[in-house]
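Those sequence lines, one after another, are chains W and X. Oh and the first sequence: position 238 is 1113 in my numbering, straight run, nothing missing. Oh and the second sequence: position 122 is 315 in my numbering, straight run, nothing missing.
Calculated directly from the structure, the hints in this document are not laboratory data. One should not assume that every hint holds.
[Said to hold, decoys possible] If the Cβ cut is set under 8 Å, some of the chain W residues that face chain X in the computed set are:
| hint | residue |
| --- | --- |
| 1 | L1077 |
| 2 | A1080 |
| 3 | A1086 |
| 4 | M1099 |
All C-beta atoms in this analysis are idealised placements derived from N, C-alpha and C, irrespective of residue type, glycine included.
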Amino acid sequence: MSRNVTGRIAGWLPSGRTLVIAVPFTFLLVFFMVPFAAVLQISFADVQLSVPPYTPILDVKNGIVRIVLDFDHYRSVLTDPLYIGAYVYSLEVATLTTFLCLIVGYPACYLIARADPSWRNLLMMALLLPFWTSYLIRVYAWIGLLKSQGLINDVLLWAHLIDEPLKLYHNNWGLLIGMVYNYLPYLMLPLYAHLVKMDTTLLEAAGNLGARPWQAFLTITLPMSRRAIVASCLLVFIPAVGEYVIPEILGGSNSLMIGRVMWDDFFVNTDWPVASAATGAMVLLLLLPMAWFQRLQRREMEAAR
Amino acid sequence: MTNEATRPQRPPAGKSQPDFVQIVDVVKTFGDATAVDGVSLSIRKGELFALLGSSGCGKSTLLRLMAGLDTPDSGRIIVDGQDVTRLPTYQRPVNMMFQSYALFPHMTVEGNAAYGLKREGLGKAEIRERVAAALDLVQMGKYALRKPHQLSGGQQQRVALARSLVKRPKLLLLDEPMSALDKKIRQETQFELGNILYSVGVTCILVTHDQEEAMTMADRLAVMNEGRIMQVGTPDEVYESPTCRFAAEFIGSTNLFRGVLAGDESRLFRCADLDVPLQVQNPMNARAGLELQLSLRPERITMSYRPAQQETNHAAGSIEQFAYMGSYTLFYIRLASGRLMAVDLSRSAVRALERSPDYGHQVYLSWGADQLVVLDK
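Use the sequences and the hints to build the structure in full.
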């Protein structure tokens, strides 16, 4: 009897599995999709000196519902050289950051994954240690290292490797150093997770069939980690496009990335609709790599089965 | 199923080169553990040699040393006159079929088979030809474009075999080739694999923990225990005349007796478990009081309901357990001393008994002096 009742209740209650999956999705729905919809809605409105500083797109007057969608902001965002320049520059910086992260991160991941198991966790821990401090503090700390009288220049001058201080800060060098430093773990964690579970017997087999270690790397390790490489690169690339803080603090005044443009539109010009349109356009821009990422993830899951 | 009769006879294993592969005093330690403890072996050209032992006996380590995947602490490994001890694996004329097969998952069957030849820098046409021939040899030609995960375990094994054979190694190493297969197809595969290896004529070292596999496939085998070789011989030599307790117990099952030599140069051993002495075929070249192990195979014992008409080599007891095993029936007989003896009786021997055997029946066991094997250690 009681089992019957529990059974009936359990029948219409979502299963534990659904519930567990639902939690992050609900979170994303409430805190990402709803605000994003609000932003999209603003992008179709017009500027107005009021609180909030835009016209409502939905208007009910005399029982008539009017929806006014202004596409003009998108047109200006997609044609204005300022915005186009900022988009292109953002993509350039994100691409270069991703590439440098890969160059630095892949060998490091490979070596950690092949290190003695007792060392592995320690090395990964060392990689993540800086993340125990605040993001802003870490970015600011780079100023102390990079400025003309900073640690790096002092050491180089002292060692007589350079005659005058290198300009490493408030230009593209500073920007890239900060970007690579900050995004490196996002690349390394998934890549390491892939490399560490790779079957090393395959490398022994390759060696036994006549492949020197570097040949085994190029023919076995690298092709097998291709998907993990692309996935972790996208994990760097996608957020790097919209990065605001690092170019603001370490980059030069000419490094106008799209995040900075949006900030200016929102808070300096108080032009929320254009800023929203710029945001919408950026998301559209990133949908392509995101879709690619999703596809790779799915393939990876299928391959793992 | 293929049977013994259809097995192609390989040319008498090159008597001209009795030491084609030589392993000399090889030692390998991992930390405190000695995995291989001074092993020496000689393997003839074209021979299929099995290293038999339970897990952790060092047989796989020995195989890895031969493949060049590990380096011995001391000792030498010589293949066809060439000392390969310090040669990296990619320069050895030795190929290995891994226990897990280690097929490259991102390559097709063809790509896997061609991998080793590409590393040799051979021409495309020659690679294609040799790969096709190797895949045909293992009957995997029509699966050339499949990926490993689309193949069954048996098919993966054959691809792994083709991949290691295509390099025409001087020595082929097989690490537990059957362990990843279902028991059902294992026996069939043993004969198939044996046939392929015989037809190619490659010198082969097989590592296994399965005595049946070693006896089915190998020309000669070495029984290993704790990093040492206990006995080397043909399967029937090792079975019929084991020299040590380990070999006797590991290959087949046996009844072991602790015997004390009754007199100088005697043929009689006193045994605490038995009422009468054990008598062996030949006088021992030893003094009285020598303590030795004696082995008596269960299928070499005669069982009867009438007392044996001999002075030595008999015992009386009651049937404690028996099990019908198909081709034979296994009896456990409890002796008056408390000792349990295993006896295998063929179907006809069971029929020839005076009564239908059942639990508790008093029976008499006897055996010939030639069935007792004296073990060295």
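Here is how each hint holds up against the structure:
no. : hint  : in the structure
1   : L1077 : holds (5 Å)
2   : A1080 : holds (4 Å)
3   : A1086 : holds (5 Å)
4   : M1099 : holds (5 Å)
The structure fails none of the hints (numbered hints given earlier).
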